[in-house]
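> If you want the building blocks of each chain, they are given just below.
4 protein chains.
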Amino acid sequence: ICMSCQDLIKKMDMVRMCSQRTTCILRCTGGEALNAFSIATYEIDQKRGTDYYKRFNEFAKNFQENDLTAAQGMTDVRGDRSLKPHQQPDPDMYLRVVDERSDGIVVRGAKAHISGAPVMHEIFVMPSRTMRKEDRDFAVAFVVPSDAKGLTHVVNTTFREEGKEDDHPFSSKYSSAESFLFFDDVFIPEERVFMCGEHEFSRRLVLAFSTPHRHSRLACSSGITDILTGASALAAEYNGIQNVSHIRDKINELLLMSESYYALGISAATLASKTASGTYMPNILHTNVGKVMTARGLHEAIRLTQDVAGGLVQTVPSSKTYQNKALAERLDKYLKAKDTVPTQHRVRLFRFLQDLTTYGWAGFWLVVSAVGAGSPYGAKLIASREVDLEEKKKLIKRLCGIQE
Amino acid sequence: ICMSCQDLIKKMDMVRMCSQRTTCILRCTGGEALNAFSIATYEIDQKRGTDYYKRFNEFAKNFQENDLTAAQGMTDVRGDRSLKPHQQPDPDMYLRVVDERSDGIVVRGAKAHISGAPVMHEIFVMPSRTMRKEDRDFAVAFVVPSDAKGLTHVVNTTFREEGKEDDHPFSSKYSSAESFLFFDDVFIPEERVFMCGEHEFSRRLVLAFSTPHRHSRLACSSGITDILTGASALAAEYNGIQNVSHIRDKINELLLMSESYYALGISAATLASKTASGTYMPNILHTNVGKVMTARGLHEAIRLTQDVAGGLVQTVPSSKTYQNKALAERLDKYLKAKDTVPTQHRVRLFRFLQDLTTYGWAGFWLVVSAVGAGSPYGAKLIASREVDLEEKKKLIKRLCGIQE
Amino acid sequence: ICMSCQDLIKKMDMVRMCSQRTTCILRCTGGEALNAFSIATYEIDQKRGTDYYKRFNEFAKNFQENDLTAAQGMTDVRGDRSLKPHQQPDPDMYLRVVDERSDGIVVRGAKAHISGAPVMHEIFVMPSRTMRKEDRDFAVAFVVPSDAKGLTHVVNTTFREEGKEDDHPFSSKYSSAESFLFFDDVFIPEERVFMCGEHEFSRRLVLAFSTPHRHSRLACSSGITDILTGASALAAEYNGIQNVSHIRDKINELLLMSESYYALGISAATLASKTASGTYMPNILHTNVGKVMTARGLHEAIRLTQDVAGGLVQTVPSSKTYQNKALAERLDKYLKAKDTVPTQHRVRLFRFLQDLTTYGWAGFWLVVSAVGAGSPYGAKLIASREVDLEEKKKLIKRLCGIQE
Amino acid sequence: ICMSCQDLIKKMDMVRMCSQRTTCILRCTGGEALNAFSIATYEIDQKRGTDYYKRFNEFAKNFQENDLTAAQGMTDVRGDRSLKPHQQPDPDMYLRVVDERSDGIVVRGAKAHISGAPVMHEIFVMPSRTMRKEDRDFAVAFVVPSDAKGLTHVVNTTFREEGKEDDHPFSSKYSSAESFLFFDDVFIPEERVFMCGEHEFSRRLVLAFSTPHRHSRLACSSGITDILTGASALAAEYNGIQNVSHIRDKINELLLMSESYYALGISAATLASKTASGTYMPNILHTNVGKVMTARGLHEAIRLTQDVAGGLVQTVPSSKTYQNKALAERLDKYLKAKDTVPTQHRVRLFRFLQDLTTYGWAGFWLVVSAVGAGSPYGAKLIASREVDLEEKKKLIKRLCGIQE
Ligand SMILES: Cc1cc2nc3c(=O)[nH]c(=O)nc-3n(C[C@H](O)[C@H](O)[C@H](O)COP(=O)(O)OP(=O)(O)OC[C@H]3O[C@@H](n4cnc5c(N)ncnc54)[C@H](O)[C@@H]3O)c2cc1C
Ligand SMILES: Cc1cc2nc3c(=O)[nH]c(=O)nc-3n(C[C@H](O)[C@H](O)[C@H](O)COP(=O)(O)OP(=O)(O)OC[C@H]3O[C@@H](n4cnc5c(N)ncnc54)[C@H](O)[C@@H]3O)c2cc1C
Ligand SMILES: Cc1cc2nc3c(=O)[nH]c(=O)nc-3n(C[C@H](O)[C@H](O)[C@H](O)COP(=O)(O)OP(=O)(O)OC[C@H]3O[C@@H](n4cnc5c(N)ncnc54)[C@H](O)[C@@H]3O)c2cc1C
Ligand SMILES: Cc1cc2nc3c(=O)[nH]c(=O)nc-3n(C[C@H](O)[C@H](O)[C@H](O)COP(=O)(O)OP(=O)(O)OC[C@H]3O[C@@H](n4cnc5c(N)ncnc54)[C@H](O)[C@@H]3O)c2cc1C
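Protein chains in written order, with the working numbering: chain F, 1 to 404; chain B, 1 to 404; chain X, 1 to 404; chain Z, 1 to 404.
Hints are computed from structural coordinates only; laboratory data are not their basis. In this text, all values refer to a predicted model and were calculated from it rather than measured experimentally. Check before you lean on any hint, since a few could be wrong.
Not the full set, but computed from the structure, chain X residues with beta-carbon under 8 Å of chain F [unchecked claim]:
(1) SER245
(2) HIS246
(3) ASP249
Every residue gets a Cβ at the ideal spot worked out from N, C-alpha and C, and that includes glycine.
Using the sequences and the hints given, assemble the complete structure.
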């Protein structure tokens with residue numbers, strides 16, 4: 001839990017560094033959920049006299065002491081996106097409370113696209129949008145063991161697991177997995193419930209999670225772009241064109257992208273605000289401005305990388321082909337580029353580039369960038385709400401000499 | 001062979017239509033090679049008194065009568081890209097003539113990334129760049145059966161062939177394959193040789209091929225973007241957000257992209273020039289302006305599509321998951337979006353979207369867009385050479401009243 | 001009046017050429033109005049049995065024989081843009097018929113931003129939007145002499161007229177003027193009325209004007225960008241940096257812009273449709289795709305030009321400063337750049353660049369690009385309506401195997 | 001002089017706030033020069049045993065105590081940009097030492113585009129580029145009173161001074177002025193000389209000035225974009241379209257731009273480094289990443305503003321027109337938009353918008369954005385030098401398993 005601006009900067013640096021190695025730190029959402037609940041439960045208690053914060057703290061203490069891991073279940077399946085939760089023909093399109101008992105609650109519904117859920121100990125669950133009075137039953141948050149009774153995972157793993165390390169230097173080692181979680185009337189004991197019906201805090205809880213989460217996404221987007229930058233630079237060197245000016249310019253554009261995400265994260269950390277509970281929340285405005293940037297950036301970054309590297313990204317021969325000795329010899333002859341670079345190094349690099357920009361890994365990151373952690377449209381809205389447009393209009397009236 | 005502007009427009013329409021169905025028409029390069037040779041051999045003969053045009057015509061007649069197919073082998077492996085052919089440490093980095101006999105020539109070297117080569121009857125081979133006097137041995141062009149003696153294919157097929165139709169509605173049906181072609185002293189009989197040493201025509205031959213080829217790429221880029229447009233629109237409808245204005249705007253941006261490629265193609269056809277042999281060559285300037293556009297467009301188009309469609313693009317469950325009856329039931333419940341649309345239709349659409357934007361097919365097209373048919377940098381150069389900048393400067397001098 | 005695709009291509013070429021010399025051909029709107037009426041009056045007559053086409057033809061014959069000129073009054077002042085004409089608190093916010101007499105009609109209202117009106121013989125007037133039944137009184141079109149009784153011009157001329165040629169090589173010669181036109185119950189004799197209440201044709205008339213007009217705008221945007229291209233190239237030469245690669249790349253970007261507008265125009269001409277009256281209408285889709293491009297391009301083109309040329313664009317000394325002999329000598333010494341170029345040539349060029357990119361002329365063209373000939377938002381809507389999205393969705397259903 | 005990260009953040013906030021009122025704080029360069037000299041003189045002394053830091057500190061003490069103002073003379077006229085200083089045909093193209101006396105030095109040459117010079121007390125002078133050994137004579141820095149003997153100003157003021165406040169609510173109040181400064185063998189006494197021949201520190205001095213200067217430019221670019229944002233929002237309100245989604249989206253884009261510049265500034269301040277003298281220097285990388293962003297942004301921001309506001313930006317009638325009572329009445333009637341907003345307010349706002357986006361002020365800021373404070377190309381280069389690309393390549397080799 002981040003208790004200062006400095007903590008948030010350290011988090012940025014840690015996430016960026018990890019992403020430079022594995023692209024995804026995976027444990028980010030769990031940590032962000034901790035931050036979110038520490039902020040929101042405190043505030044609910046203050047206004048409603050509940051004791052969520054105490055409950056949460058006890059859970060968190062145990063969680064941290066045992067170095068447990070958690071996934072974050074926020075996204076509802078949402079059915080028809082033009083309808084509010086209570087307007088949906090099937091009321092289970094947003095996860096909801098179906099029974100309140102003396103010792104806990106019973107929930108039903110589903111959560112979609114939950115990263116890492118099957119390999120985590122716990123799953124934090126919270127609403128995916130602001131809930132109004134009519135949607136009170138959907139304003140529910142809690143934590144549940146990932147093997148709880150009545151909870152079903154439908155997992156998709158997105159990468160070619162079967163690939164040998166030679167062919168998939170990256171995705172043979174790192175993978176990801178998202179779950180659909182089905183809650184068939186799952187019982188959640190009282191001490192694990194952190195919100196139940198306090199709909200007027202749903203927006204706060206959503207923000208308290210999505211802000212640090214998007215903040216981390218700035219760091220990992222930066223780390224991933226660092227990888228693409230380094231790989232482009234290496235490809236240019238191996239191809240003998242590292243001094244060509246349009247190539248250098250493209251690599252520089254990658255650098256600018258990477259640093260601009262990081263800078264937005266640093267700025268959001270520096271301008272973070274201390275919440276009532278003492279937890280620091282990254283600046284909402286700058287976090288979301290950054291989020292919009294990243295959503296627009298990765299597809300372009302991959303384009304630049306492929307442009308620098310050339311067609312071999314797509315056609316680099318597999319290790320199976322290389323097993324044929326006669327072919328291997330010719331491949332070594334003809335895939336040679338810069339004289340001082342062993343062909344095998346070039347082949348490995350291009351397999352890496354292929355792995356990163358043309359297969360499942362690329363697809364995963366393209367989708368994550370485009371809509372993961374919320375769509376850019378939503379991020380733009382949140383950013384714009386943080387700006388006082390009326391104040392800016394007043395400024396203009398003064399400059400124009402308009403008196404009302 | 002296109003004998004009028006109207007022919008070129010018809011070609012555009014045919015390629016766009018095919019691409020809307022399969023994304024790739026595959027037979028394009030062969031046809032473009034026919035055009036290229038019909039132009040260049042005629043012009044060589046005129047100046048050099050050779051009889052390439054006659055040879056070519058005889059070949060072409062038989063080729064067309066039997067509805068044969070051909071791949072196009074242009075791209076050399078190129079070694080160190082900062083060196084010219086004759087400067088390469090290994091002289092085989094560009095395909096070259098190693099022996100001239102009375103009845104033909106012997107060639108050595110390799111061609112890279114050749115689309116469709118293993119399934120074609122013939123392979124057209126030509127230089128991949130302008131050759132100067134010192135590089136005369138590399139100024140060679142011919143046609144060779146794809147199973148010629150001494151010719152080895154190293155094929156990579158880029159798609160998940162194993163996928164069932166259910167999971168990969170698209171790539172289970174359509175696939176692509178590129179070859180590395182190794183020429184180990186392959187003999188080419190005289191009547192199949194269409195250029196041998198006439199280096200001053202190499203630039204012309206390159207342009208005579210790359211121009212109609214890039215022209216076709218305008219059509220297929222348009223067709224592919226049409227697919228993304230339709231799929232985005234359908235996803236929006238199924239998700240219940242087809243009237244949301246940012247969604248409509250994104251779909252409109254896709255429309256604009258698609259039409260702008262097509263329009264550049266129409267314009268290049270309209271302003272095509274009749275060459276000495278009677279074959280029409282699309283306008284070089286507009287073709288290359290369009291090529292630069294397409295190179296910048298597809299990554300962005302995929303981003304917009306994923307943004308409109310949402311995270312399910314990545315996480316849509318496979319048919320295997322669906323075989324589990326209990327899961328299938330829940331999936332059907334929770335993946336329902338708009339009330340009137342059967343969940344199975346939505347699932348199929350998202351598998352299609354996944355197939356198209358996150359797996360091998362996407363990777364293939366991303367790379368093809370980024371550098372296929374030549375890098376955008378090269379296309380920009382060619383375009384700029386078609387514009388008389390000195391004329392434009394003179395105009396300014398006149399407007400400024402500068403007299404020299 | 002354009003009677004073939006070839007005519008439309010010739011118009012493109014003529015407008016581009018004129019714009020390369022003066023940026024604005026000014027007489028374009030009048031010609032486009034002729035085209036618009038020839039199309040719409042014919043179609044109204046066919047359905048309504050009116051005789052507008054005959055009236056119009058008689059007018060046009062005389063107009064052309066005497067080589068008269070006309071402005072085009074389309075844009076209404078429009079009041080609150082969220083309200084339809086009949087909903088406006090003041091009914092005069094859109095020009096309307098206030099009286100129908102046996103020999104003609106009486107109109108009241110205003111037209112805004114009308115280019116060239118005070119120097120033209122005639123003014124064509126037509127609705128600025130689709131009118132529904134409730135807005136029938138606003139569905140009126142006619143032609144009126146620019147000095148008609150009851151018609152007041154409020155003219156703004158946007159350029160520094162006072163400038164000497166030396167300081168303003170461009171704007172001292174070419175200028176523009178827009179009028180607000182106030183119609184205080186102006187009488188329009190019957191034979192000059194071309195639409196009166198046939199609201200269901202208002203959309204057609206609007207399109208029949210805006211399409212050829214936007215089509216011409218593609219040509220003049222191209223011509224203006226040609227000027228910026230030439231001026232950038234000359235500045236680079238004079239500064240000694242014409243071979244620097246980022247400079248060449250920026251000039252190439254300008255080339256691409258200019259040609260892409262032109263290509264869209266050629267394509268729209270090639271795919272033009274013959275209307276019932278025989279007049280050809282440029283392809284609506286491609287015209288509007290191009291219009292959106294131009295609206296996004298000029299600000300960027302000016303940025304590139306200024307980047308290439310440098311700060312002297314802003315600070316080039318005036319001719320008054322040069323009158324001081326002692327200063328003139330030093331200026332000549334210190335403003336010298338490339339050795340072979342007389343300083344005075346460089347000074348003239350930078351005054352031209354200043355004139356074009358930092359003063360009234362720039363402002364004029366920036367606004368015209370941003371919203372003139374209708375806002376890009378509107379153009380995008382029109383473009384999107386020309387595309388059959390349902391057809392594209394059907395294609396996807398077929399590709400996905402979705403059967404309804 | 002900024003002695004901590006916090007100081008730099010305060011500077012950002014102050015400059016942004018001032019720019020929101022006047023667009024330009026004007027006194028920024030003087031302050032930045034103070035920072036630059038405090039850093040560089042200290043470091044020269046350390047290595048060379050000179051006493052520049054003492055000299056400078058004495059000067060600075062007096063300067064600050066009397067609240068004096070200073071301009072910053074950096075930009076040389078530079079002649080042929082492809083040649084180094086000592087290669088220029090005329091050696092005076094870069095300012096240089098022509099005589100060294102016991103009590104001071106004599107300098108000759110010119111400085112170009114110097115903001116505010118004629119209204120300042122002092123002018124700081126320093127090299128505009130890295131100087132090598134051969135260019136030692138050009139490695140000179142000092143401070144000179146703006147009315148020194150032998151120093152001539154050629155001033156251009158870029159705004160319509162003559163404008164009445166009514167017509168030019170903005171530029172009638174705020175203006176700018178740049179000078180060419182000619183140094184005709186000006187004597188600079190020893191105690192005012194801060195560098196003389198120490199060429200190996202020229203790069204450091206250039207960076208020590210340009211970094212805080214570009215850092216301030218992030219703040220003023222943000223302030224200016226704030227003005228455009230507010231003005232767009234007010235125009236939308238007055239036109240009755242503030243709830244239209246494409247309009248809101250455009251205003252949101254302006255918000256994002258403004259905040260992204262500011263965030264880069266905050267990040268550069270947070271990651272500032274303490275130099276040997278104790279002065280803090282903003283992070284060079286993030287400052288220059290931000291500088292590139294701003295160079296790309298303003299032209300686009302003006303485009304968006306004009307798109308939102310509409311054609312009246314160009315054609316709003318002048319106060320002179322309004323003096324005609326009969327016209328004034330009609331103008332008031334027809335320029336009314338939203339019912340509750342007095343027409344006069346709308347007119348004032350659009351005059352303000354005209355003033356800001358179509359006249360001299362716009363021209364000034366467009367050029368300043370495009371190349372002021374150094375061209376974006378240069379900024380990109382500096383940014384890229386701050387990144388250790390070799391480190392990034394090593395990372396990739398490790399990820400690929402490439403061992404050398
Ligand atoms: C790989 C991956 C990992 C993920 N991991 C997690 C995780 O660990 N935990 C978690 O909780 N979530 C996770 N998510 C979910 C992610 O947050 C969502 O994908 C995201 O919020 C978008 O929601 P959606 O996929 O339902 O798309 P949709 O909401 O359907 O969005 C598609 C488009 O429709 C628009 N749209 C939708 N509704 C409206 C409306 N009412 N008005 C206007 N526009 C609308 C959106 O702006 C967007 O452009 C993950 C997603 C992915 C792809
Ligand atoms: C899927 C696919 C299918 C293909 N099908 C065919 C086919 O059927 N027939 C065929 O002949 N070819 C085919 N190609 C090859 C294609 O034309 C080439 O990929 C393309 O021309 C780029 O060449 P390259 O891959 O060697 O990349 P490179 O040439 O290495 O280019 C990489 C980058 O380096 C730059 N660069 C390279 N050299 C220089 C230089 N000297 N100066 C400045 N910049 C330089 C390029 O501009 C580019 O940005 C195919 C390619 C792909 C990916
Ligand atoms: C220099 C110049 C010369 C011109 N010459 C002529 C001419 O000769 N003849 C002629 O007839 N016209 C002429 N025009 C007018 C031009 O066609 C209009 O400026 C243009 O149509 C935009 O209209 P507007 O200025 O009223 O702006 P607005 O319509 O106010 O537009 C401003 C913004 O609001 C948006 N908007 C407005 N209403 C709505 C709505 N209901 N829903 C959604 N968005 C909306 C627009 O999309 C735009 O983004 C000229 C304009 C200029 C600047
Ligand atoms: C309004 C205004 C106010 C200013 N105020 C000040 C001030 O107060 N103090 C001050 O010192 N300066 C000031 N400047 C100067 C400003 O810093 C310069 O304009 C800027 O550094 C660009 O230099 P330049 O104008 O000589 O353009 P150039 O250097 O001629 O640049 C034009 C283009 O050429 C490129 N270029 C030039 N040389 C090369 C090369 N060798 N290799 C590759 N590319 C090259 C540049 O990247 C750029 O794209 C001001 C400028 C303006 C416009």
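> So, for every hint listed, does it hold in this structure?
Hints and how they fare:
no. : hint   : result
1   : SER245 : holds, 4 Å
2   : HIS246 : holds, 7 Å
3   : ASP249 : holds, 7 Å
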